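Undergrad: Each chain is listed here by its residues.
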Amino acid sequence: MLQQILNAALVVGAGIGVSIFYYVGSNVLLDRLAADSVRADGTHIARDRIRTAIRPWLFVSPALIILVIYLVYPVFETARLSLFDRSGSQFIGLSNYLWALRDPDFQQSILNNLMWLVIVPSMCTALGLLVAVLADRLKWGPIAKSLIFLPMAISFVGASVIWKFVYDFRAGDSPQIGILNAVVVALGGEPQTWMAIPFWNNFFLMAILVWIQTGFAMVIFSAALRGVPEETVEAARIDGASEIQIFFRIMIPQIMTTIVVVWTTITIIVLKIFDIVLAMTNGQWDTEILANLMFDWMFRGGGDFGRGSTIALVIMVAVVPIMIWNIKRFKAEEDL
Amino acid sequence: MSGKIPFLNMSPGRLAATLLLLFLCLIWTIPTAGLFISSLRDKDQLIISGWWTALITTERNERGRTGPSDAQFEREGEFVIAGSFIPEGSSKSILSFGDQQNDLGAYQPGETLVRGDGKRFTLWEDGSYEYVSAIPFDLQRGQRFFFVATIPPTFSLANYREVLTSEKIGQSFVNTFTVAIPATIIPILIAAFAAYAFSWMKFPGRQLIFVFVVGLLVVPLQMTLIPLLRMYNTLGSVLGIEAKSYIGIWLAHTGFGLPLAIYLLRNYMTSLPRDLIESAKIDGASHFQIFSKLLLPLSIPALASFAIFQFLWVWNDLLVALVFLGKRDDQIVLTSKLRELLGSRGENWEILTSSAFISIIVPLVVFFALQRYFVRGLLAGSVKGG
Chain A
459 MLQQILNAAL
469 VVGAGIGVSI
479 FYYVGSNVLL
489 DRLAADSVRA
499 DGTHIARDRI
509 RTAIRPWLFV
519 SPALIILVIY
529 LVYPVFETAR
539 LSLFDRSGSQ
549 FIGLSNYLWA
559 LRDPDFQQSI
569 LNNLMWLVIV
579 PSMCTALGLL
589 VAVLADRLKW
599 GPIAKSLIFL
609 PMAISFVGAS
619 VIWKFVYDFR
629 AGDSPQIGIL
639 NAVVVALGGE
649 PQTWMAIPFW
659 NNFFLMAILV
669 WIQTGFAMVI
679 FSAALRGVPE
689 ETVEAARIDG
699 ASEIQIFFRI
709 MIPQIMTTIV
719 VVWTTITIIV
729 LKIFDIVLAM
739 TNGQWDTEIL
749 ANLMFDWMFR
759 GGGDFGRGST
769 IALVIMVAVV
779 PIMIWNIKRF
789 KAEEDL
Chain B
-7 MSGKIPFLNM
3 SPGRLAATLL
13 LLFLCLIWTI
23 PTAGLFISSL
33 RDKDQLIISG
43 WWTALITTER
53 NERGRTGPSD
63 AQFEREGEFV
73 IAGSFIPEGS
83 SKSILSFGDQ
93 QNDLGAYQPG
103 ETLVRGDGKR
113 FTLWEDGSYE
123 YVSAIPFDLQ
133 RGQRFFFVAT
143 IPPTFSLANY
153 REVLTSEKIG
163 QSFVNTFTVA
173 IPATIIPILI
183 AAFAAYAFSW
193 MKFPGRQLIF
203 VFVVGLLVVP
213 LQMTLIPLLR
223 MYNTLGSVLG
233 IEAKSYIGIW
243 LAHTGFGLPL
253 AIYLLRNYMT
263 SLPRDLIESA
273 KIDGASHFQI
283 FSKLLLPLSI
293 PALASFAIFQ
303 FLWVWNDLLV
313 ALVFLGKRDD
323 QIVLTSKLRE
333 LLGSRGENWE
343 ILTSSAFISI
353 IVPLVVFFAL
363 QRYFVRGLLA
373 GSVKGG
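Just so you know, the sequences run in chain order A and B.
Just add 458 to wherever you are in the first sequence, counting from 1, and you've got the working numbering.
Counting along the second sequence from 1, when you hit position 383 you're at 375 in the working numbering, and nothing is skipped either side.
Wrong hints could be hidden among the right ones.
[To be verified] Derived coverage of chain A by chain B (criterion: at least 3 residues anywhere in the stretch with Cβ under 8 angstroms from a Cβ of chain B; other residues may be distant): (1) 530 to 543; (2) 586 to 595.
[As the list claims (entries may be wrong)] No more than 27 angstroms apart at the CA atoms, straight line, and that leaves these computed lysine-lysine pairs for BS3-like: (3) B:K273 x B:K285; (4) B:K194 x A:K786; (5) A:K789 x B:K194; (6) A:K730 x B:K236; (7) B:K194 x B:K285; (8) B:K35 x B:K160; (9) B:K285 x A:K730; (10) B:K236 x B:K319.
Hint data in this document are derived by calculation from the structure and do not stem from the laboratory.
Every value quoted in this text rests on a predicted model; they were computed, and no experiment measured them.
Beta carbons: idealized from backbone N, C-alpha and C, even for Gly.
Working from the sequences, and respecting the hints, build out all of it.
TA: In structure tokens, the structure reads:
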């Protein structure tokens, strides 16, 4: 064990050391190579213009090189590969796209992704808003908020294990150890294999993401609700509005932009959701979604890069418009 | 005030709010609590009773077999087989017993059961028994009796000990750190230099390049995987090195994290007062000095927020690890390992629960220790959107 830790520390240290060495070294080198000098006849040659011209590039070039290799090139390459066969060597035009349109798994994924897109963001928004409103009125609200926010720290795989245990099913008369089936049995129902009930199993998977993401929505709404001017609420109260009316007529309109922000952010997460489905069902029992299908084709039978790329491109086309809107909004907020 | 419920001193609306929030909190914590409690339970109890019964003593129907006739000895003219149905060191005890499977409650511990053939069987609370007969026993395999055992709640770290050693979760834990630490520090370092250049140095195309970098935020991870996988495989076979390596995954995480890091840090650095940088310049400080001695320390809040976000993102990532790292013991990370266990040890809940808890312990500690930075980092990271 100690050996492993030492090895890891060594590797980590080397990786970070090399990066630091580059910046320090390249700057020193520039100062040496383009140093001011004095000629034999006594004239002073200043090279600070060369140094000012080069130094910015020493600072930005590592970032730019990595970005080009890891983001720019792959986008074009994926687009290109989507027009090629499984090995990426034979041009086959739009065949992959035509295949996708007819592929039952792909159709299933699109359908499921649409369901996820409708349900998860709306559930997270509604529950997040509910908790934010309730917690701000109660003394123990901060504790409640911490508890609801906690799943945000847990990985999707970790959450999958947690929920797989909740959904566990025991056959026959043996006592149920999954709490959901235990509750069902206690209420007089029949225990179910929740993951294998087509159509409805999607909702049990979605519950996991809602469980994780509600905390995110709650934190943002909580901050936004505190920004609602007290006078507007007070005025409505004097006019005899009920708490529920105040919430829907006064608060909601004032935090509408925040609601849209939360909604879109969760939408992007949903579009790329992968880990939960991979860990829980791996797309079995009609739960396939795009990101998992893409991953599947990446490795299925040695990998079909053409089809994988096609699915990746579909995800990209869905994500980009929302992302652009989101960044614009973020920038507008920063500029305030 | 009227309308209050006298005993609770609360208005009905407030009571409803309290109950509703309490209910939501319960739903949100029960799954994690179940995992944690289960991971501390005995693995045999874990599969026969729900974790919510862990705090109370459970009862279980069991059967035991006496020793065979070889084990009998003579005592005062009678023949006796003696022994115990409960292994030594177990905390189980006998609640009742009988010789019929459907009549377990027939006899209390200490009572003597007289069988049809006159043989007498006595079972005590601690599991020890005596089987007495007037004539020599002729039993090939011993006689079966049935009993109800009570099992007091026991908690131990045995499951953790098992997964850390035999399932090699400890190694995965170290591997995850080996991925996560450089994958957090390297992008911060690279982004900080770039952000400084974008905010305080003059070079042609500065604005245009920055906009381009921010634009890369829209690229979903999935778009990059196949080309990078192909590139790594080619590099691996051409150079004769391993295609799956730590350096490979560090650089991949760096690439995916850079746009956000540069964007956040540049915004932060631009907001620092211009006079500060100008006066440092007049004092003869070089760009490198201004950056490392002045701007970097000043940017710590922004750096910390991004660092927490990136660290947790990398720690919890599965997709990138599956693509860029191998599944050998010296490379597999916790998320990837957990996914493997879900497949191979899907019914071994003692292994799954304790492994899962080990994998979430670091994020939980970060969460509780740095809650404020955590939330801030998370909000900033929402632009990246997972």
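Undergrad: Hint check: A:K789 vs B:K194, CA-CA at most 27 angstroms. Holds or violated?
TA: Judged against 27 angstroms, a Cα distance of about 22 angstroms means the pair holds.
Undergrad: Please work out if A:K730 and B:K236 have their alpha carbons no farther apart than 27 angstroms.
TA: holds, 24 angstroms
Undergrad: Please verify whether B:K35 and B:K160 have alpha carbons no more than 27 angstroms apart.
TA: holds, 18 angstroms
Undergrad: Quick one, are B:K285 and A:K730 close enough, alpha carbons at most 27 angstroms?
TA: violated, 40 angstroms
Undergrad: Holds or violated: B:K273 and B:K285, Cα atoms, limit 27 angstroms.
TA: holds, 12 angstroms
Undergrad: Counting residues of the region 530 to 543 of chain A that have a beta-carbon nearer than 8 angstroms to any beta-carbon of chain B, does the count reach 3?
TA: Holds, because 7 residues of the region 530 to 543 of chain A bring their Cβ atoms closer than 8 angstroms to Cβ atoms of chain B.
Undergrad: Would you say the region 586 to 595 of chain A counts as covered by chain B, given the rule of at least 3 residues with C-beta under 8 angstroms?
TA: This one holds; 5 residues, not fewer than the three required, reach chain B with a Cβ under 8 angstroms.
Undergrad: Is the Cα-Cα distance between B:K236 and B:K319 27 angstroms or less?
TA: holds, 10 angstroms
Undergrad: Check the hint pairing B:K194 with A:K786 against an upper bound of 27 angstroms on the C-alpha distance.
TA: Roughly 25 angstroms between the alpha carbons, so the hint for B:K194 and A:K786 holds.
Undergrad: Straight-line Cα separation of B:K194 and B:K285 no greater than 27 angstroms?
TA: holds, 20 angstroms
Hint violations for this structure: number 9 only, all remaining hints satisfied.
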